[in-house]
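Peer 1: With the hints as constraints, model all of the structure from the sequences given.
Protein chains: 4
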Amino acid sequence: MERKYDLVAIGRAALDLNAVEYNRPMEETETFKKYVGGSPANIAIGSAKLGQSVAFIGKFSDDQHGNYIRSYMEKVGVDMQYTVTDQEGHKSGLTFTEIKSPSESSILMYREEVADLYLRPEEVNPEVIRNAKTLLISGTALAQSPSREAVLKALSIAQKSDTRIIFEIDYRPYNWKSAEEISVYYSLVAEQSDVVIGTRDEYDMMENDGISDNNATVKRLFDYRPQLVVVKHGVQGSYAYDRSGAIHEGRIYASKVLKTFGAGDSYAAAFIYALNQGKDVPSALKYGAASASIVISQHSSSEAMPTVEKIEQLIADNE
Amino acid sequence: MERKYDLVAIGRAALDLNAVEYNRPMEETETFKKYVGGSPANIAIGSAKLGQSVAFIGKFSDDQHGNYIRSYMEKVGVDMQYTVTDQEGHKSGLTFTEIKSPSESSILMYREEVADLYLRPEEVNPEVIRNAKTLLISGTALAQSPSREAVLKALSIAQKSDTRIIFEIDYRPYNWKSAEEISVYYSLVAEQSDVVIGTRDEYDMMENDGISDNNATVKRLFDYRPQLVVVKHGVQGSYAYDRSGAIHEGRIYASKVLKTFGAGDSYAAAFIYALNQGKDVPSALKYGAASASIVISQHSSSEAMPTVEKIEQLIADNE
Amino acid sequence: MERKYDLVAIGRAALDLNAVEYNRPMEETETFKKYVGGSPANIAIGSAKLGQSVAFIGKFSDDQHGNYIRSYMEKVGVDMQYTVTDQEGHKSGLTFTEIKSPSESSILMYREEVADLYLRPEEVNPEVIRNAKTLLISGTALAQSPSREAVLKALSIAQKSDTRIIFEIDYRPYNWKSAEEISVYYSLVAEQSDVVIGTRDEYDMMENDGISDNNATVKRLFDYRPQLVVVKHGVQGSYAYDRSGAIHEGRIYASKVLKTFGAGDSYAAAFIYALNQGKDVPSALKYGAASASIVISQHSSSEAMPTVEKIEQLIADNE
Amino acid sequence: MERKYDLVAIGRAALDLNAVEYNRPMEETETFKKYVGGSPANIAIGSAKLGQSVAFIGKFSDDQHGNYIRSYMEKVGVDMQYTVTDQEGHKSGLTFTEIKSPSESSILMYREEVADLYLRPEEVNPEVIRNAKTLLISGTALAQSPSREAVLKALSIAQKSDTRIIFEIDYRPYNWKSAEEISVYYSLVAEQSDVVIGTRDEYDMMENDGISDNNATVKRLFDYRPQLVVVKHGVQGSYAYDRSGAIHEGRIYASKVLKTFGAGDSYAAAFIYALNQGKDVPSALKYGAASASIVISQHSSSEAMPTVEKIEQLIADNE
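Residue numbers (the working numbering), protein chains in the order written: chain P, 1 to 319; chain V, 1001 to 1319; chain C, 2001 to 2319; chain D, 3001 to 3319.
Some hints here could point you the wrong way.
As the list claims (entries may be wrong) - Taking lysine to aspartate or glutamate pairs in the EDC-like style, the calculated list, with each CA pair at most 20 Å apart, reads: (1) C/K2075 to V/E1027; (2) D/K3100 to P/D62; (3) P/K160 to V/E1002; (4) P/K279 to P/E249; (5) V/K1177 to V/D1209; (6) C/K2177 to V/E1207; (7) V/K1133 to V/E1002; (8) P/K133 to P/D79; (9) V/K1033 to C/E2074; (10) V/K1033 to C/E2309; (11) C/K2033 to V/E1027; (12) V/K1177 to P/D79.
As the list claims (entries may be wrong) - Going by beta-carbon spacing under 7 Å, a handful of chain D positions derived as facing chain P: (13) E3021; (14) Y3022; (15) E3027; (16) T3031; (17) F3032; (18) K3033; (19) Q3064; (20) N3067; (21) E3123; (22) V3235; (23) I3247; (24) E3249; (25) Y3253.
Since the hints were derived computationally from the structure, they do not count as laboratory data. A virtual CB, placed ideally from N, CA and C, is assigned to each residue, including glycine.
Peer 2: Structure below.
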């Protein structure tokens, strides 16, 4: 299988506005520094920094913020030719971060009428998916039509062309209308993906049945397409279950935490990188954990994405 | 498999307002006679008249029209205990019919903010699906949220409980936002159903690729779950393709046509009846055609649904 | 003042579907007879039947119902050249009537996404208002944008061109978002009209203060533009207050009641006719009451609108 | 007339995010400094700094940005007890500024689903309006329901209680649906106000007839309630027309311009201050111009609002 792209990511690319003055409530923050943000954008950026060949499918606001996001992603090496520009006045999503202390932080998101949720199915280029080894789907892109249908179309194309589908559940409590709606679409996409990555909380939203048990989760998903299911438990580490029955535990690496934002995206970028490089699951878990550990000690989620060298150095230092 | 219901149908139940004075344009029609209408309601009614044990899943307006529809369906034997009543002021859908001549008729539908499209996933009772041999899904119920998610949930329950899923595409040009949206959801549900029934035009909308070829249609669907695919070609009859490669041609029965409304629903009711009775596909095609032939010679779509005796008599008369 | 039109009415024209079989609940009604309906349409039709020169401003559905309504109004003599046809798929409003007994009846209205509420300000022709002696505004047209702004524009043109403005409050509990919203727009338009006509209940909605007192109502309105305020109290008759301080009581005429629908519209048509003919207020009250008395004994609201002769005969018979 | 408040302002209070690094396009701006913004909030803040007794009517987001805006306004002395907090998840409006050069700047606004446009009529406290000498209405608050109706209610209360109504047209191209809609509401409110302040462009939007002539504008408005009409012509200064026929020309004061944002709000605050102090119109024009001149030389619109001393010093320096 010789394909042009190691990874194509679909979904939102947005603006993070990170508090310059931290260790205080946002009300007292006076200045904000801008970065590119949004889970699939961060993963695309992280993957490009790891030397992967990456393309992005998404819709951008026709304004200064949209221009900035797109040009930044281009600059770090993401192929942006399959993205489209919104013509209906939709805006880029915004995430203001509040960093009260290393352990206490929160975000304030602007997600009303954002351009990324207006990506239409006909704006998804089938060729780029057929030319990619892996398709990364972000669950947030399922929150609203027509982005929801664009993702379902991408999923269908990937299945037909044997592109490995990775579903990062990436739950954000915006735009969704009900817990049942979340459950319906998360289940639908998870069941048809090859790899599913999420926190225990995210699987709980998918299942919507109050059980919250990893074994029940994987038993259910292995009735369908998934080959590998990763459940993240925050500071307690993560577990990867594969269809053969093997369970792999991943631990986290100690770090001087500035904020916890971006941990999941850097984890996913490095984990996918390792899988794409043909490494085994235990190694991929280490790559994910090391990458996350590096990003949470820095100010941004995107710019802080590490190189392979840094990740491997951290792993080596901890063996 | 001993199950309480032969069939559970999900989707809309609405009001038909049929021109009393026909063979004239609707502008000159002075009075309208009301009947229960809506494809899945008609199929449920038709199935009950054929002696099947039938339940309905749907949402009804909290007004005189909703009351009427529900009580009519109950009267003909459909189990209505799993239906819910809308509490937000939504109305029953309406279909005014215009019968200009036996070959020229049209409809005028009221489908804005109708109760049936507000059925929520949490209002779908899983037990009735687990207790049914077949689940009938009407494509119109996919046109809008939250009814769309209610259907996707019903589909998922049926799969997990080995309830045979019959997808009647039932295209109506209302509520949908784009051709791509139609294609995404029709494909998604068709691929996960056991039996798919539609007109050639409806498959074209599902495929949205301009090919319009039965062989291409069935080749594509047989990559997924379907066992049987029925393509209807109006007066030229219909074709049933089964997964084994067999193709069965169904012909129509001559009839004194009053109007063509209701032909599809009566076809589906009798076709499903025959399958549920264990008859072979060529026989099921005859049952469907005979039933359609009877309904198009009468004024209503629901009240005109024939008994088994009438259908079998018509078939016998034409052997 | 030589003007082409005695009256121009702005607002909805819709379809009434009146129970053919009455003295029973609507659930048991089998057939419905169609008529033109909607307060300003009824008043325009009634006025034309009284020999007035009448034009209509409104938006019509581009379908059989819209065609019918427009052609019926044209047939009875209403000038329809200033009406527009909806191009966005909006429908004609519908009113199903239930006639349980002469004293107990109700209606079931379809008012979602109706064409009349999509009349835009730029679709209001200023010339027809400048060429009319009176402008009739129906309060229902204020329920939603852009019809609301179309009415406000018509009001402004009428003021600038000394066209007498008659505001028929015509409350319908559809489309409005809150009691405060109703109060804001009813007050705004009433204060800027020359004549206000409504039931006591309608003035209560306008005032939204729980006082419900005719004297308070007229005191408040006479601080603004109104010259004449008519408050209807159902079977207890009505009161007309003029700015000079005079109070005129109007009584009703006994009638064999079939249903009460249409009473208000026939009242308004005859009352306005009398004012336009230069009759005094006590006479106008008699014309209104006589006209209402005739309509409530018949099956429709529009077709039943009486001629001048009939009204004057009834008045004479009762002197 | 002894009233507690010199001024009560109704409408939006929002967040400005001003480019820290200026003289470059926003794409290259890295950090943004936050300030309170929004025309009526700026005018309230400016008025408080001028020693006026000021209250605010508005709706605030229930998040860090809403908290900040409210507490900042309180800190500078605006009475915030009549404001309400949004309970439906609406956000604070945002304005990112781009300062390319002193003469070339632009803004990027987030105005979708903002809390200020969800102020409801029942949330407008009548007492504060009755206790104020002047009510300041911002035209942007008319862009959407229910804020539109809240303003119309405030206008009605002010008229009944002889509170002087100042209408600052404050056009923003967001949330409005059509040019006709803008014209209808701007006209309606302008005609019922005592003082109208706007740029020539804003009056053009109000009139929507392509004439663009000050004399025509004032002739039209003086048929209604206005006593004073101020038309601003940017760097060419402004004209104030009073009902007696007098025309007063106001000139601008030279300034080292950093950006032009905030000029209008500071002008309005000082102009209203002067009127409230009983100064004549030519003096009020000087106060307005001097205040504007000071604000455009500084980084913010709100924090930069000058004291009376600074304004009077600048006027004296230029006599």
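Peer 1: If a hint holds in the structure, say so; if it does not, say that too.
Peer 2: Results of checking the hints against the structure:
1. C/K2075 to V/E1027: Holds - the C-alpha atoms of V/E1027 and C/K2075 are around 14 Å apart, at most 20 Å.
2. D/K3100 to P/D62: holds (18 Å)
3. P/K160 to V/E1002: violated (37 Å)
4. P/K279 to P/E249: Cα-Cα ~16 Å, so holds.
5. V/K1177 to V/D1209: With a Cα-Cα distance of about 18 Å, the restraint between V/K1177 and V/D1209 holds, given a limit of 20 Å.
6. C/K2177 to V/E1207: This hinted pair is violated, its Cα atoms lying about 41 Å apart.
7. V/K1133 to V/E1002: holds (8 Å)
8. P/K133 to P/D79: holds (15 Å)
9. V/K1033 to C/E2074: Since the Cα atoms of V/K1033 and C/E2074 sit roughly 27 Å apart, the hinted pair is violated (cutoff 20 Å).
10. V/K1033 to C/E2309: Measuring from Cα to Cα gives roughly 36 Å; hence the hint is violated.
11. C/K2033 to V/E1027: holds (12 Å)
12. V/K1177 to P/D79: Violated - the C-alpha atoms of P/D79 and V/K1177 are around 30 Å apart, more than 20 Å.
13. E3021: Nearest chain P Cβ about 11 Å off; hint violated.
14. Y3022: violated (14 Å)
15. E3027: holds (5 Å)
16. T3031: D/T3031 check passes; min Cβ-Cβ to chain P is 5 Å, inside 7 Å.
17. F3032: holds (5 Å)
18. K3033: Holds, about 5 Å.
19. Q3064: At about 4 Å, which falls below the 7 Å cut-off, the nearest Cβ of chain P leaves the hint on D/Q3064 intact, so it holds.
20. N3067: holds (5 Å)
21. E3123: Violated, because the Cβ-Cβ distance from D/E3123 to chain P comes to roughly 21 Å (cut-off 7 Å).
22. V3235: Nearest chain P Cβ about 26 Å off; hint violated.
23. I3247: violated (40 Å)
24. E3249: violated (38 Å)
25. Y3253: Given a least distance of 30 Å, the restraint on D/Y3253 is violated.
In this structure, the earlier hints numbered 3, 6, 9, 10, 12, 13, 14, 21, 22, 23, 24, 25 are contradicted, and the remaining ones agree with it.
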